[in-house]
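Student: The primary structure of each chain is shown beneath.
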Amino acid sequence: MSTTTLEASGTKAQADDASQFLTFRLAGEEYGLDILTVQEIRGFVPSTRLPNSPEHVTGVLNLRGTIVPLYDLRKMFQLPEIEYDQFAAIVVVTIGTRVIGLVVDRVSEVITASTGDIQPSPNVGAAADQICIRGILRHEEHLVILLDAVSLLKNDDLDLALAA
Amino acid sequence: MGFETNDLAQLFFEESDEFVELMETSLLKVEQDGADTETLNAIFRCAHSIKGGSGSMGFSEVAMFTHGLETLLDNLRNGHVIADDDITALLIECADHLKDLLDAARASKPYPNSSPLMTRLEIIIDGGGPPQEEEFDEDKFRAEIAALLAEEEGKSAEPAKVADFSDLDALMDEPVEAAAVAAPAAAPVAAAPVAPVVETVAAPAPSAAPGPVATASAAEPSKRPAAADKTESQILRISADKVDRLINLVGELVIHQSMLVDAAGTTASPQMAAAVSAISQATRELQERVLAVRMLPVKQLFGRFPRIVRDLGRACGKHCTLETSGEETELDKMVIEGLVDPLTHLIRNSVDHGIETPEDRIAAGKPESGTVWLRARHESGSIILEIVDDGKGLDKEKIVKKAIEKGLASPEDQLSDEAIYAMIYQPGFSTAAVVSDVSGRGVGMDIVVQAIRGLGGAITVTSKLGHGTTFRLKLPLTMAIVEGLTVRVGKELYVLPLTNIVECIKPGADDIHTIAGQGEVLNLRGTVLPVTRLHTVFGVPSDITEYQDGVLVIVEDGAKKAALLVDELVGQNQVVVKSLETNYGNVEAVAGATILGDGKVALIIDVAGLSILRQASAQYAAAA
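As you go down the protein sequences, you meet chains A and B in turn.
For what it's worth, this note's numbering labels the leading residue of the first sequence as 1, then goes sequentially.
For what it's worth, this note's numbering labels the leading residue of the second sequence as 1001, then goes sequentially.
Treat each hint with caution, since some may be false.
Chain B is nowhere near these chain A residues, computed Cβ spacing over 10 Å in every case [unchecked claim]:
#1 Leu-26
#2 Asp-34
#3 Ile-35
#4 Arg-49
#5 Val-57
#6 Gly-59
#7 Val-60
#8 Pro-69
#9 Glu-81
#10 Val-99
#11 Ile-111
#12 Ile-118
#13 Glu-140
#14 His-142
#15 Asp-148
Per label pair, the in silico range of CB-to-CB distance [unchecked claim]:
#16 B:Leu-1260 <-> A:Gln-39: 40 to 46 Å
#17 A:Pro-46 <-> B:Ser-1579: 50 to 56 Å
#18 B:Leu-1569 <-> A:Pro-46: 33 to 39 Å
Quick caveat, the hints were computed from the structure, so don't treat them as lab data.
From the three backbone atoms N, C-alpha and C, an ideal C-beta is built for every residue, glycine too.
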């Protein structure tokens, strides 16, 4: 994934109000995050458990000298837990001034979509409720659930001073 | 080198702040010990430098006032005017006013009115000696600056000279007045103090050689400016950010180096082993050196207090002096910054509530003038700061009475001295309300204690009624590194800061007793300590359930002690403290995280935050 090409196509797409999304899989479903919030993608590695913390915060990781908390999206969305395999990845996102890692089953691709293609999500009473979901995007033959990174943290019990 | 005007202005203000501070310190010295030529010269040089700088920066109001001040100082130097108490007091007022002027200039606000002080200055100047020029004469002033420049042109050829305003003048005039031709050496030398704003230009080669002292931040005045002390080593101003990034990277380097050592250990050829050992040595030294960059002597911190003691003493009608020692002791810049408020509060307390009025002191058979001592020293990897006064001491009876009133203790309680003194740390238990009638200053001792704990330190107080009070602060050398004991709890590793550890013991079966069937205590050579299992605190599955199978680590926070059960002691080493809060938030009983030799994260335990120790502090409340 070359950053230069991303940026180039990003500028072109700007004209028709388009954004790019990084898509990833979670329990057979396709999810997407605004590419601008994504800092990097790493392979899944076991982390250090954080005691006395919400269950979906599985631990902390050393990311080149900074301590980054890991949020398990399966646990957050109350999806069945699995043993993570070699495809599992950590999507490192920057939210305001914070850097956090999101654990996903595997990373898929980067897609471009115009804002007009995004439909509001119907309320289906899922754990990943309206707050986290920015909308549903129809991409080729499947649906991508677009997540709002900022709201992921807003749901958190901790008082996260969001700079966003 | 593209210098922006506001960069130069920033430099001017920083330097001026240092000069005003130095002026103030010197004036206080004059007030105490009388005027000697050397001190007067130092004050004069400060005023002179500020005048020169402000003139060239176009702050004419500042220049004009400093000019008047300088004239009086010159008369003092010449002996035309004698420095009596009134004049010293006037000069201190002038220094304050100068500070206000500089603040106004910095904020581009209207200047405070200088004329009343100017008039007073002029009266003394006129009455005390041959008439001097009183009006600010721009031409003459320019001429003086030119003369100054000419003087500096010669001086700046000296390679090891520390840049001061004169260089600033030279720089200013380079583009503006072609007349001032700086000597070739002047440009690189002058570049050093501009470092915070310009990309750090390499220091001139000859002076960079043996350990140049670098200060951690642009905002913090480094050491005394050159005008005051020509013997200072050369100083480079660097923003704290850059240093922190360096420290972070070096931390990473250390981790990778230890991984390399592990890897080489299994496969090593002799050449490889030699190279690895050389790298290890260099890395370790690099880390030490980089961390030392953040260390500053406490001198600056102490420097602000003589004035506070003087002013407060006058305001309360007490005679009081401050004596300091151990100013050269070095502390992390962050710790120093964090100490300003708590120390100010403690020292104010000592003067306000500790030291008695002159009449009371004489009646008690003490010298009329009270003394507050502020001492710093190293003690086994920590820094000890003591604030000692020879005042009336804490009145235990009054404290207990107050505690009973507040429901913090009951009349039947047999409280130890420690427990009684610890009461003054309770929120809302201001010393003012207990020890004297003078109203509190809005910040209770609890805030002081919190601030000290926030710095990873501890505070204890001892007192003798009628003889004085001692506050003792134990602080870590740096907040970036903690000397820690790594312990295993279940399958997890935790780090306990060594400053909190008293000792480690292997308990016998009959050392542990239960109290009322629930709480457990350790009988440690007759002292009873609360004890807890760390694996339950952190929710770690562990094979160890019985105390005698593991190790008990006795920890303390201030006067409170407790015993923690861990599975095993792993080792003792220095760990770099990383914040959890930057990207996450506070975790109960966790002070931060660190990266172990294998790149994994281990959590550092916040001993003061452990509920067992918090309960220990709540015992007074529970007893009521």
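Student: Taking the numbered hints from earlier one at a time, note which ones the structure violates and give those numbers from smallest to largest.
Tutor: Numbers 4, 5, 6, 7, 8, 10, 16, 17 and 18, in rising order.
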